[in-house]
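Between the sequences and the hints, there should be enough to build the whole structure, so can you do that?
Sequential numbering of the sequence shown, starting at 4, is according to our numbering.
These are computed hints drawn from the structure, not numbers from a lab. Every value quoted in this text rests on a predicted model; they were computed, and no experiment measured them. Using N, Cα and C, we set each Cβ at its ideal position, and we do this for glycine too. Among the clues, some could well be false.
Said to hold, decoys possible - What follows is a set of in silico ranges between Cβ atoms, one per label pair, in the way DEER data are often shown: (1) Glu289 with Glu180: 48 to 58 Å; (2) Glu295 with Leu163: 19 to 29 Å; (3) Tyr288 with Phe155: 25 to 35 Å.
What the hints assert, rightly or not - For lysine-lysine, the following DSSO-like pairs were computed, each having C-alpha atoms within a straight-line distance of at most 27 Å: (4) Lys385 with Lys61; (5) Lys61 with Lys46; (6) Lys191 with Lys219; (7) Lys328 with Lys46; (8) Lys167 with Lys219; (9) Lys191 with Lys169; (10) Lys191 with Lys139; (11) Lys162 with Lys191; (12) Lys139 with Lys169; (13) Lys139 with Lys219; (14) Lys167 with Lys191; (15) Lys219 with Lys169; (16) Lys139 with Lys167; (17) Lys162 with Lys139; (18) Lys328 with Lys61.
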Amino acid sequence: MGFMDRKGFLRTIAASGAGAMLGGKLLGKTQAAASGAQEGAWKASNWNEVRSLFPLRKEVCYLNTGGLGPASQPVLDAMAQQNQMQARIGEHFHKYFGEARETAAAFFGVQPSEIAFVRNASEGNSILSSGLSLRKGDEVVFESHAHPGGSFAWMNRQKLDGVKVKVFEPSSVSPEENLDRLFAQVTKRTRVIQVSHVTATTGLIFDIPAIAAEAKRRGIWLHVDGAQSAGMFPFNLRELSCDSYATSGHKWLNGPIETGIVYIAAERNDEVDCSHLGAYSDDGYELPTSLEYVDAARRHEYGTRNAASILGLQTALELQTQIGKERIARHGAGLSQLVLQGLQEIDGLEILSPLDPAMRSSILTFRVPGVSCMDLSARLSKEHQFRTRVVTEQDLNGVRASWHVYHQEEDARRYVEAVRATVASF
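Structure follows, in structure tokens:
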């Protein structure tokens, strides 16, 4: 394959492999169905078509998208062909990064200059925690259900610099209750609030705009760990009004492993110091005294990066856009609702996820008091072929299922019956 622009490259992908699976164009048939169908009119056959894009083994129902969202065949093909082309030509293909940045910015409703590519949400969270100017005694508040990828970086600042970490227990009762619990921990020394957009434990959705409004009123930086929200449902980062946001490409976006995105609002970019620097972080330098950062979030990118991974992430974003972000959200939430209704009928089972639809996501977590979540999950896997995730954080003892584009109503109904049989077996 000779040197070509990215559009030509994607046309090549679309004409082969997974592209042909959807009618000879990269998701062409799916895109036509999306544009021609009435809202909510998609049938099981449409989702079967989407499912066919993912090389997941058919004998197991995979329910751990919240941990790792497998990549689709178009993503894998884009990466493979890019790696082959790069090996033949020997170029860095940095221009692909600019095009991918534009795609990511459009996906999240921001400017390309506000987007940086990172390895995962954990790295993005670390960029913010290490880059913000905090002194001994300054406070950071986040929820007790924060993932280690969101909490450890702040705890490290506490260990190294004397920053004080405070936590609040999230409530599944109401968004207002969470607002009250969060700001009950805030004092005049609070400099940063971090919340998960969606908690990895129970799938609770925080009301980010409401939190952002109060944080701005108090002059507090709001950082959002979006590892579980990007790709689950659509949102505009500018409308969320957070100061920064980090997510992974390899969860609900179904992008390549070790990809992620950090958003830093342009007007606040200079407040985040660079902790790691290298080629491409600068906008000019002169040894030994002069170094100017590039005036964009990408100053936090440094050194040679894998163009194939970035191209794969861009393909994943385009795939979701073509299927329809609202459609994906309705599908996952609908399956979660179906499972909720079934699980509520099982004696001895406790739902840990919020019951309020405004707070509930495509993640549903339950527990059975007195029964180990490890044993429940293992039996669901061994006897019923459902791959779930145990929730041991904060001693929740839960079993989590993540419902996404490669699942159908039949999967949800089978899961309910599998849980029913498993609970009865203890």
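Each hint tested on the structure:
1. Checked against the given bound of 48 to 58 Å, the beta carbons of glutamate 289 and glutamate 180, roughly 55 Å apart, stay inside it.
2. At roughly 28 Å, the beta-carbon separation of glutamate 295 and leucine 163 lies within the given 19 to 29 Å, and the hint holds.
3. Restraint check, tyrosine 288 to phenylalanine 155: a C-beta distance of roughly 32 Å satisfies the suggested window 25 to 35 Å.
4. Between lysine 385 and lysine 61 the alpha-carbon distance is near 15 Å, which keeps this suggested pair within the 27 Å criterion.
5. Our distance criterion of 27 Å between C-alpha atoms is met by lysine 61 and lysine 46, whose separation comes to about 20 Å.
6. Note on lysine 191 and lysine 219: the hinted pairing holds, with a Cα-Cα distance of about 13 Å set against a maximum of 27 Å.
7. Between lysine 328 and lysine 46 the alpha-carbon distance is near 16 Å, which keeps this suggested pair within the 27 Å criterion.
8. Taking the CA atoms of lysine 167 and lysine 219, the gap is near 20 Å; set against the 27 Å cutoff, the hint holds.
9. Proposed proximity of lysine 191 and lysine 169 is supported: the alpha carbons are some 13 Å apart, at most 27 Å.
10. A hinted pair counts as satisfied when its Cα atoms are at most 27 Å apart, and lysine 191 with lysine 139 qualifies at roughly 14 Å.
11. Annotation: proposed proximity of lysine 162 to lysine 191 holds, straight-line Cα distance about 21 Å (limit 27 Å).
12. Pair hint lysine 139 plus lysine 169 holds up; C-alpha atoms about 14 Å apart against a cutoff of 27 Å.
13. Distance restraint check for lysine 139 and lysine 219: the Cα-Cα separation of roughly 22 Å lies within the 27 Å cut-off, and the hinted pair is therefore satisfied.
14. For the given pair, lysine 167 sits about 13 Å from lysine 191 by alpha-carbon distance, which is consistent with the 27 Å threshold.
15. The hinted pair formed by lysine 219 and lysine 169 meets the criterion: a straight-line CA distance of about 19 Å does not exceed 27 Å.
16. Taken as a hint, the lysine 139 and lysine 167 pair is honoured in the structure, with Cα atoms around 8 Å apart against an allowance of 27 Å.
17. For the hint linking lysine 162 to lysine 139, the alpha-carbon distance of about 10 Å falls within 27 Å, and the restraint holds.
18. Between lysine 328 and lysine 61 the CA atoms are separated by roughly 25 Å; this keeps the pair inside 27 Å, and the hint holds.
Checked against the numbered hints above, the structure breaks none of them.
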